[in-house]
Amino acid sequence: MKKTGSQIIVECLKKEGVDLIFNYPGGAVLPLFDELQSAPFRQVLVRHEQAAVHAADGYARATGKVGVVIVTSGPGATNTVTGIATAFMDSIPIVVMTGQVPTLLIGNDAFQEADIIGITRPCTKHNYLVKDIKDLARILKEAFYVARSGRPGPVLIDLPKDTLVNSTEFKYPDKVFIRGYQPTYEGHLGQIQRAVKLMLKSKKPVLYVGGGIISSNASKELTLFAEKLGIPVTMTLMGLGSFPGNHSLSLGMLGMHGTYLANMAVMESDLLIAIGSRFDDRVTGKIESFAPQAKIIHIDIDPTSISKNVRVDLPIVGDCKRILSKILSLLEEEDIDSFKAGLDKWHHQIEKFKAIHNMNYEQKEIIKPQYVIEKIFELTKGDAIISTEVGQNQMWTAQYFPFLKPRTLLTSGGLGTMGYGLPAAMGAQAAYPNKLVIDISGDGSFQMNSQELATLVQYQMPVKVVILNNGYLGMVRQWQEFFYGKRYASSCLEGTSPDFVKLAEAYGAVGLRANKPEEVLPILKKAFSIPEPVIIDFVVDPEENVYPMVPAGEPLNQMRLV
Amino acid sequence: MEFGIWLFGFFEVSMRHVITLLVENEFGVLTRVAGLFSGRGFNIESLCVAETLDPTVSTMTIVTRGDDQILEQVLKQLNKLISVIKVVDLIEKDFVEREMVLVKVSATPETREEILRVVDIFRGKVIDVGAKTYTIEVTGDEKKIDALLALLKPLGIKELVRTGRVAMIRGSKITTEPGI
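Line by line, the protein sequences are chains C and B. Plus 66 on top of the position in the first sequence (first one is 1) and you've got our numbering. Plus 14 on top of the position in the second sequence (first one is 1) and you've got our numbering.
Excised from the complex, chain B in its bound form (with noise of 0.2 Å):
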């Protein structure tokens, strides 16, 4: 399944970009960012915000796709957007990612079994049980969560729901550090 899943990404035209914003943490915000995004056409696949340490400061992660001449476009645009501090695009950088998904998965007397396996294999929990259906939750970066989904598909997903990618860079330096 997983070799499945590679080989579909290798035939992708425009790579995924995963961009880390610092932003000031007002009302509005948001809409700013997503305004750019949808203003110049641009595909939001996720995002993800939330205060940091300092409150008046957001991180926002946003899950885009574009070729590189687009991207660097988007990248400007978003330094230029005055309630922006900093942007990162992780792509060049290494970085850890997590995503948290949700599903509610169709469990038979057949199928209980093999459900209960899958969950257990990705680390995963039962987190809530109904008269035909569990309810999962995994945590784990983008391919873990996709191979969890293909497996899970043939089984029966009833409902999904995800929060989108957080990252942050490897080692110890941190975002705000100046030459990241």
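Only chain C is shown next, with the shape it has when bound in the complex (with noise of 0.2 Å):
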């Protein structure tokens, strides 16, 4: 049966469970939309591309599926490559299908012709430039399959106009083989047996464990594991929610601004247990001085992750669920009784970590960022999806939020996108309508894609925007603040912004207000109650900073904690 390259498109997103789409239109996808018109998906028409990808970025973290893109050629294309890096620094799945000029005038400088593929070659995981339609079912099942599998990553496919309305039979192909891409996903058995008599030596042992964990749907595994050993956990800012944040297990985040007793584990471990984690320099602070006393077990599904900045020990490539069950059906052979109550005097030394410091804020008469979230918890019980921005917001959130689950924190890990927190967050409103979806935002933060606010209320996408603003861009001003002698070059937003109430009524949206420390809880209970988008302002502490903070290129264990 013959169909058009639009209608192929069409059909092949239905094979792939696809519901939902955040587009913008524009010339070179004119035949595209107009078959989407009478598409049974759910299209959400953003307002900037960025957003576009940000949005499916936030759906696909916060569901586990592909999140899908269609925008058009030229500067609709190039305006999706910072959320297409984004997802590409964090291994999201996304697929983004980008409009182009015809075959015939592609290298001419034609009008909206850009090079994506030569753009976004080194940030994404692959992409496709669609010359013949006859390959077109087979790239888009190829593009769906690469973006899932494996290490996930963001895919992007290019449509010259001419493919969207030429016409050929369409046949969708069964399977998908790629002879260069074998991804592997067993662990190979003797590495397990081999790690698991290393624990089981361990006196001073650390669960390390990233994003990996929650691509793999593993945090039941990861729990049960770290429970059966009586092993503490400590996450990175992408492996928040993979294992309950107050669990008693919990360490909390480490890295440059983890908690005293995460960094301070890790640094007199004897033994470190990464798993779905990259030993990112935000993680290992000053690398020869990193974990000095322990033997490093890896388990990653991505091999290039693996003794990539620090040689571990024993690495096991593969996928982290499977590899835990493995080693959890291992461990049912093994007496672990004593290899537990052997882990009590080290139980012991991280209290006294604990006692030394433990996340902490003065309160006073103004209101302090950390008050705001810590508020948040009490309100939501963790059951929420968070989002956030980047900066002092983004470390504050994942300081006093404790993520009691997976899928529950969308932030910009790798990339540290600012502007990223608003559309990721109206990317999982629209995933789950009925889920209270919060914005952790600063005030320079929010501004860099503030114009989504038309979006939410388009489609009555209840997302709460809290913006901590302090009139400055706060992590750069912490940083002049310890660095550059107080300078505050570029840093002060005082004075300049808009009134972010006011802004909000503009768009159609409630806006709120507090300046008090007794407002917010009140205010938060208004706003989580009202049914639609509400921006709350909370005028914040202008100079508070972050702590503990690990100066860049300092070990872990000279922290800055006042």
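Source of the hints: derived by calculation from the structure; they are not laboratory data. Virtual Cβ for every residue (Gly too), placed ideally from N, Cα, C. It is possible that some hints are incorrect.
Taking lysine-lysine and the DSS-like style, the derived pairs with C-alpha atoms no more than 30 Å apart in a straight line are [claimed, not checked]:
#1 C/K374 to B/K100
#2 B/K94 to C/K374
#3 C/K207 to B/K94
#4 B/K94 to C/K361
#5 C/K406 to C/K471
#6 C/K81 to B/K94
#7 C/K241 to B/K94
#8 C/K207 to B/K100
#9 C/K241 to B/K107
#10 C/K387 to B/K90
#11 B/K90 to C/K263
#12 B/K157 to C/K387
#13 C/K131 to B/K94
#14 B/K94 to C/K392
#15 B/K94 to C/K352
#16 B/K90 to C/K374
#17 B/K100 to C/K200
#18 C/K241 to B/K90
#19 B/K100 to C/K387
#20 B/K107 to C/K197
#21 B/K100 to C/K197
#22 B/K100 to C/K352
#23 B/K90 to C/K392
#24 B/K90 to C/K131
#25 C/K374 to B/K107
#26 B/K90 to C/K361
Covered stretches of chain C (in silico footprint by chain B; criterion: 3 or more residues with CB under 8 Å from a CB of chain B, positions within the stretch not fixed) [as the list claims (entries may be wrong)]:
#27 185-197
#28 236-248
#29 360-371
Make one complex out of these two single chains by using the hints.
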């Protein structure tokens, strides 16, 4: 049966189980949008293509499904680059379809033409230019497969206009086989057995877990494993929620702004079990001094992450969930009671670290940003999806909101993209219309994609935007205070930001403001009960800093605590 | 001369590696591979690529330099590319390699004899003659080419073009076999 390229795309998306598309039209994709008009997918028209990609990203993080974006050629495509790079750094599965000028005009500097394949080559897992309509169905199937399998990542498909209009016989391939791409899922049994032996010999073990646990849906196995052996767990920013943040074994987040006890535990440990994490520089601090006394077991699906920054003693390439299940079954045959009892001394040492410094701040007459986050947790009891922007707002959220379940934190970890939070919250709300979705933002970050308020109102998405308004680009100001003699160059926004309450109302949303600590809880309660998008402008202490802080390039145990 | 070259090689800190890649024969694959090297700061010393018996597959031979840890990363990153089917670091295998060079050398009445003698010793060919130059073609492994150039340098090399090395595993096994 002959179909046009546009019809083929719609059929393929149906076969891939797509139910939601974030899009923005343009000349090059008019034929496709014409077909989409009568297609069974929900579609969200955004106000900037970057937001479409962040929304698909937020959708993918919240649901585990592949996020889908359709934009036009030229500037529409280039506007997606930041969003694609964000998803690439955090290994999030999305498929971005960009329009392109007709095949005969490619390379001719045509109207709204951009070499998006060349531009996104380094920041996509893979990309495709569909030159021949006969390849279209195969490419679509491959794109989704590549995006969601192995270590997930963004895939871009460039669609020349004539491909959308031409016709061919449509046959959806049954299987995908890419000879150059065979991810390893089962860990090597010998390595796993060796790892178990190493674990049972340790006296001061620490579990260091990251986003891979969440991608692999391995939270249950991780929790069972940690509890079975009584091993304390520290999470990276991307791993928050993989292990309950209020669990007695949880050390909190580690790294540059991690908790004192997490960092000290890692520096004193004799065995570091890294699962689904990649030894990023925000986590390790000075690499030469990282975990100096520890042997390292590294379980990851991507062989390039292993021994990239830090040499590990026992690498296991494979899927976390399968490997953890195997470890659990091997542990059935071992005597773990004596091992668990042997960890008492280690647990006492960790309690001592906790007594030296635990997350705290000084409450004053002015609202403290940490207080706002604590109240949000108190009201929601952790049953909400939280997205963050980047900077101080992001770090305080990671420190003061104990994430209890996976896929409840949406944050740009690897790239640190300001402007991510609002559209990502939008994506999660579109996936779960009945859940409470909160975007914790700063006054700087919010303005990067504030135009999406229009999208929230159009689709009646009741996202709550919490703006921690300190009149500064907070994290930049903090670094300028610590390392540049308080020379606040280009980091002061005071007096230049719009009245966020009036801005919300101009878009048709609800705007609220709190100036004093006693107003915080009532205003949050009010906002959460309104079934509409709400912006809450919290006027907070302008010079509050994020502590602990490990200055860049310092060892993890050199934390600034005040 | 050859002894001198060997001694110089002895003091180099990082090893030269010859990597053979089997890749999908599609547009953009060369850019992907080259982009990976440049994006991660590795230098490509030479690169040679062409179709194989299977027209959907090309072989790429890359020579790069770096210490073992850096090279391990390079090989893993290459394997990760979807268009790359197989990566073989030939440094660990027994292999034959060849490179071709075209050299334009100054040829005066005094040096003409010497040049022809060198060409003969290296089993090369003179493929072009100018009023004051000879253009020589020589094929050989890296050591042979380096030795030839060292001998021709004092005679006055005007221009030089190398193809980059191609290599193949010795014996009956082929690169696409499992276990290689």
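Indices of hints not satisfied (ascending): 9, 12, 20 and 22
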